[in-house]
Amino acid sequence: MNEDDLFQPLNIELLVDMVKKISNSKSEIYHMGAIVDYFFKMNPPAQSSDIALIESECELILPCEYKSFLTLVNGLQFGNLECEICSVESVIDYYFAFVDFYPSNMLVIATAAGTSIHILLQINDNGYKVYATSAIGEDYIWLLSDDDLLSFFDKFISTYGFPYWKMYKDENTAVKKLHVD
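Position 174 of the sequence shown, counted from 1, bears residue number 176 in the working numbering, the numbering being contiguous throughout.
Honestly, the hints are just simulated from the structure, not real lab data.
Being a predicted model, the structure only gives us computed values, none of them experimental.
Some hints here could point you the wrong way.
What the hints assert, rightly or not - EDC-like, lysine to aspartate or glutamate: derived pairs with alpha carbons at most 20 Å apart: (1) K69 with E91; (2) K28 with D39; (3) K22 with E67; (4) K157 with D39; (5) K69 with D150; (6) K69 with D148; (7) K69 with D127; (8) K23 with D156; (9) K43 with D156.
Sequences are here, hints too, so could you generate the full structure?
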């Protein structure tokens, strides 16, 4: 047996499959100073018409990686009730609720620390970026990833929503909220 047999390359389908396995068995973990139930509540897959609704309502073409995720699971909530990866409906709700706060090419695709941290997907003609910001009071957004949504989902789920980006916060990745290209 070689290393490739032991460690399959991670992709969206494999990640969602692993989360399903975890969701089917409840366990406890030590998380941020407390013992918490470790599970995820997964929503049923989004229909292609739901995904098309985001694209038409927000006038954006979603990255294939994100569409693939939504067709497998239309968002999920963490058992700690602190974090979620947003459903299609939530993405649209956040888009219109924060239309005056974020550029029109940004979608809130996840939340952390209740809903006080927004994870933003910025969609451009030449790709996309993933950012984190405080929904209240912070003037800056922090770059988490260039064109790698899988990496973000993997880290966010693996850390059970812990704001891992704070550990490596680089002042050079901070951008004023209203000056994002």
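Against the structure shown, which of the earlier numbered hints fail to hold, in ascending order? none
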